[in-house]
Amino acid sequence: MGYYTIQELVSEEERIQCVFQTDATDCSFLDPSALGKDLAANTKLELPLWMAAALARHGTVKTLVPTCLNSRFRNVVKAGPSAANLRDMNQYYFEMGKKILPLIEDDEEGQAIDDILRVAFGGERYKAILDHSMNSHDEDTTEFTRKLTEFEKELFQAGLDDAEDFLSWKRRDNDLIKCAKVIHMKKRKREN
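For the sequence shown, position 180 (counting from the first letter as 1) is numbered 180 according to the UniProt record's numbering, and the numbering increases by one without interruption.
Simulated from the structure, these hints should not be mistaken for laboratory data. Be aware that a few hints might be false.
[Unchecked claim] Quick list of in silico lysine-lysine cross-link-like pairs, DSS-like style, CA-CA up to 25 Å:
#1 K127 x K170
#2 K127 x K78
#3 K98 x K127
#4 K147 x K98
#5 K153 x K98
#6 K78 x K147
#7 K62 x K98
#8 K147 x K127
#9 K44 x K62
Take these sequences, add in the hints, and give me the full structure.
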C-alpha cells in the first residue's frame, strides 16, 4: 500500500467475495445472517480487500475473482480496451486488480487477470488518455473522462497540467522550468 494516499486507502475498502476455509470463532458479526457466534467453514462472505488479504495470507479464507475481473468482463475489455467503461466496472479497477492478483490461487486465472490489466491500460487506452490530455486545452473533457478510473483521471490531469506548463513556457510566461508531473507519478508507482 502507498503511504497514506487516499486512492490506495479507498481502493482497499472494495468488497471481495471470500470463502472461509476454517471455522471462525466469534466472527458472526461479519455475517448479519449468521445464527450463532461462530462462522462455519465454507461460509461465503464479502469482505473489504484489506481484511480479505490479511485472512488469505493466513489461509483462513480463499478469495474469489471479483466480478469486474471475471472472464465475462475480461472479454469486454479484450474487445476494445479504449471503449470499455472501466469506471462502471470498478472506479479503482487497476488498484484492486494489482492487490487481488497475489490472492488468486488458480495460476491460470491469475495470469488471465494479469494479462487483462496490461491490455486494459496499455496501448490504445493509454495513448488516448495522453492524446486527450495534451490536446484538450480549453475544451470540455467531461464526456471523455466519464469512463476513466481514478488512476486514469489522475494521469489525465497530470497531462493537462503539463500541457498548460508547456504552453506557458512557449509563451515565455514562466521563469522556472519544472519537471513534468507525469514523471513524478511514474517514479512514485515504481517505488511501490
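For K78 and K147, compute the direct alpha-carbon distance and say whether it is at most 25 Å. holds, 16 Å
Holds or violated: K62 with K98, Cα cutoff 25 Å? Within the cut-off at roughly 17 Å; holds.
Could you grab the alpha-carbon distance between K127 and K170 and see if it respects the 25 Å cut-off? Holds - the C-alpha atoms of K170 and K127 are around 24 Å apart, at most 25 Å.
Hint consistency between K147 and K98 [alpha-carbon to alpha-carbon, up to 25 Å]: holds, 20 Å
For K44 and K62, compute the direct alpha-carbon distance and say whether it is at most 25 Å. Satisfied, since the Cα-Cα distance of roughly 9 Å is no more than 25 Å.
Given the hint that K153 pairs with K98, test it: the Cα-Cα distance must not exceed 25 Å. Distance ~18 Å between K153 and K98 Cα, so the pair holds.
Does K127 lie within 25 Å of K98 when you go C-alpha to C-alpha? holds, 21 Å
Does K127 lie within 25 Å of K147 when you go C-alpha to C-alpha? holds, 15 Å
Given the hinted pair K127 and K78, is their alpha-carbon gap at most 25 Å? holds, 16 Å
When the structure is compared with the earlier hints, no violation turns up for any of them.
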